[in-house]
Structures are given as C-alpha cells and as structure tokens.
Amino acid sequence: MIDIKIQKELLGASGTLKLDVELQIKEGEFLALSGTSGSGKTTLLRIIAGLEKAEGEIEVAQKSWLNAKTALSPQKRSIGFVFQEYALFDNMTVLQNLLFVAKDKTLALRLLELTELTELQKRYPKTLSGGQKQRLSLCRALMQKPKILLLDEPLSALDPSIRAKLQTQILKLHKEFGTTTIMVSHDPSEIYKLASRVVVLENGKIIKDGKPKELLLKQNGSQKFSFSGELLELKKVDIIYVAVIAIGQQIVEVVLSKEEASRHKIGDSVTISTKAFTPTLS
Amino acid sequence: MFEPFLLSFKLASITVAILFIIALPLAWYLSQTRSKLKPFIEALTALPIVLPPSVLGFYILVALSQNSPLGAFFKDTFDISLVFNFTSLVIASCFYSLPFMVQPLQSGFESLNKQMLEASYLAGKNQIKTIFLVALPNIKPALLTALIITFAHTVGEFGVVLMVGGSIPGETKVASVAIYEMVETMDYASAHIYSAIMVGMSFVVLLSVYTFNAKHNKKFGL
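Those protein sequence lines, which keep their order, are chains V and C. Note that my numbering has the first sequence beginning at 1, numbered continuously upward. Note that my numbering has the second sequence beginning at 1001, numbered continuously upward.
No lab work stands behind these hints, which were simulated from the structure alone. Each hint should be verified, as a subset may be incorrect.
[Stated by the list, open to error] With a straight-line cut-off of 27 Å between C-alpha atoms, the simulated DSS-like cross-links for lysine-lysine are:
#1 V:Lys103 to C:Lys1140
#2 C:Lys1075 to C:Lys1010
#3 C:Lys1075 to C:Lys1140
#4 C:Lys1114 to V:Lys126
Required output: the full structure, derived from the provided sequences and hints.
Here it is, written out as structure tokens:
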C-alpha cells in the first residue's frame, strides 16, 4: 500500500497554486495521472521521488518516505523514473546506462531483449532515435527493480505508431516486474489501454478518481458513440450548417442545425455523439 | 638556459592540480545552489580577472609577509618564509588563476541536463559519484578548457609573480619575468627567442583546445 498525503505551494502560470493531494495506491496498480498542464502532475511525481520538497507524509509498504521530521533522500527510495526528455547518461553506452544503476548484467540483457534493444547495446544515446531512447530510459528505470515506477508523459514526444508499440511494452514490463506504476498521460486511448485507475488533477486537487472505463467512456444517456474534439470551422451551406471538428488525429465534418450552430463557436471543445446505427469496422 | 621555462611549467602544473581540487567543489556548489549568497561568491571568484595584478600582489604580500599573523605563524612554527620563494608563487598563482578554473567548470555543470543528474541520484548514487561518473564525463570540453586555460594563464602571469616572488634564478624567475629582465638589460636576442617560444607554445595549446572541442561537438552531434 502506498499512502500519499502531501501539500505544497507551487508557482503556477496564474499565481500561486496549492498542491493538496491525498491518495492511496494499491501495490501493483497502474495509475494514470491526468489533468491540464500546470495542474501539478509532474510536481506530484517529483515529490514522490524525493526530487522536490513538500509538507506531509508518504508511506510505502509500511516504510515512511516523508513525514514531519524526515524526508528520505532520492537515493534511498526505490524509484524508477522515466523523464519526459529521457535524461540518459550521454557518456555511457546503452548497456553501461543500465549497469550504472545496478551491476546486474543478466537483468540488463533481459530488459534489452524485452524492448528489442539488444543489437544497440554498444551504441551511445545520442545516436538513438526518440523511441529507442524512451525504451532505454524505461529499461534504466526498471534496473533497480523499483517499488514505484514513475512515468512523466513518457510517450508524448513520439509518433502514434511507435506510441502504440511502446504502450504494449510498458504494460508488459509493468506486469512482469510487478511494480506499482504511476504514469502522467493526456491520451485517453493510452490511459484506457494501460491503466487500472485514473486520477484527474486540477489546480493541485484531485477532481476525479475512478476506473478508466467509467471516467473515459462518455455515456450521457444512451449514446453509443461519443468523441470529444475541437471545433475548427463552422460554415453555412445553403440552409444547413457544417462543422469541421478535429478528433484525435482525424478531421470530420458534421451537419448541424441552425440552433446548434448558434450555441458553438470556433475553438470550442465539443462532444460529438450519436445513437442507434450500425457501425462497420473495416 | 631554459630553467625559467621549466620553472613556469612546474608552477603551472602545481597550480592546476591545486586549483582543480579547490575549484571542483566550488564550481559544483555554484552550479547547483539557489542560495542568495551565490552572486557574492561569484563576484569574489571573478575579482582576479578585473583587478590589476599589482593590487592582488600587494594584498598577497601583505598577507604573507613575516609581519602578518599568517606569515609570522609559518616563520615561527615551520621556519618557512611565504614571500620571495616558490611557495609564495604557488599561493599567488592559485588566487590569480582561480576564476579561469571555476568559470568553465561552473558553466559546464550548469549546461548539464538537471534530470540527468536526478536520474543518477535516483539510481542511488551520491553527489560525489554523480560528479565523477556523470557530470564530469559529460562536460569534457569545459573540463579541458578549464585545465588548459588555467595552465596557460599561470604560465603567462607576470605582475603578481614579480611582486610576490621577485626574480630569484631557479626559485622565482619564471619565463615571463626572465623576458622582462632581458628587455631591461637590452638582451634582445634572448628576449626574441623566449618570446617566440611563448607565442608558439600558447598558440599550440589554444589550438589543441579548440580542435578537441570542435571534434567532441561533432562526435556527439552538438
């Protein structure tokens, strides 16, 4: 069991922000941390890792990491951290990056094999692609068999096809190593695929906490299909209105009534949903 | 004939070694701290760059002479005089060349990705291990610049050396002082040879630094 109860004053984009989080996480859980930027997600991860100071308490498996009197140093916490910008050791080869964390060559080679990096073990990080760097960063985080694996938007800089592949690998490693994982992510499909629980942070407070299915599937009423997107364009064609909406990586056109069109303006976040039809998958 | 050069190199080598030990923790501290004291320490460290060597030499003389508490202590306890000998040159050079060691190291450390250092801490490594195994290997150009420029700068110093060390052959008469004396005694032939050697060597040293840095940057795709 991981018990977190922390407070910290943050300097946000719009004045000061009070991070005030109370969270219990079961061992082995895969928790996704979501929310707008500047809501304190990264800071929360950094506080758990001991990289940033905070008031309050953190207890992991009956061991206190943070309380009123002491704060365990990052060196003594058992944390694997995957930074958004990889933060690999540029002076070491792929294999050396792993062995620097723990002198366990068997584990290092197994991790490289699981992430298909075996061939690249003698290369230096600067010569790797973004996806390869991210996989290496993940391997490095797992080298010390951490109690908690923290992933700070690990896949946000990668293109969709590599993302999908890496999501599968993250899930595989999470299960294989039995770690408790906390991942910051904005991508609903990623959260749905990986996480067993989602926590949504806003202005430093938890505003939603639940299963991805409950939180992400937007079922108001009896709609069968529902997507959120951004309204890009609204145009009048003869007597109807046509809205152009970006949903994920796709652009769609939707017909609106005059009344609907008058309620929205360009740039709005909208939900588009429909019911009673037979979808075809191809 | 080349004794002044040997003396200059000996002085510069010892100064570089001592300064590296002093400047490494200082530069690391300055690069990592958020303390309000930082600008004060930085300003103090940079003073030797702007001060006339005579000011520095004067204060060092005052501080080390046998009339000062420090000088008197060394004289009484160890029977060592701290002025007009090689030891005084080393002390003076360490003050004079300090910024040339601290500043490249500090800016090197500051340019490092902070998360790289944090990754090292999370891997269970303390600050000392992190400095030697992660920070220094990743700032090789800055490290080389610090060492070479400190060496070259110490070889090139003149004013402080003359004030604190005088010109005792084999003890404090380094190359720059020797050239000054040659010119004074109108021994232009020797002065030409010495000066040419200084120019040539300094150029080769600087050239090697810039070549190394260019190669290093190319290798790491910077």
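Quick rundown of the hints versus the structure:
1. V:Lys103 to C:Lys1140: This hinted pair holds, its Cα atoms lying about 25 Å apart.
2. C:Lys1075 to C:Lys1010: Given that 27 Å is the threshold and the Cα spacing comes to 24 Å, the pair holds.
3. C:Lys1075 to C:Lys1140: The given pair, whose Cα atoms are some 42 Å apart, is violated under the 27 Å limit.
4. C:Lys1114 to V:Lys126: 17 Å, holds
Consistency note: the structure conflicts with earlier hint 3 alone.
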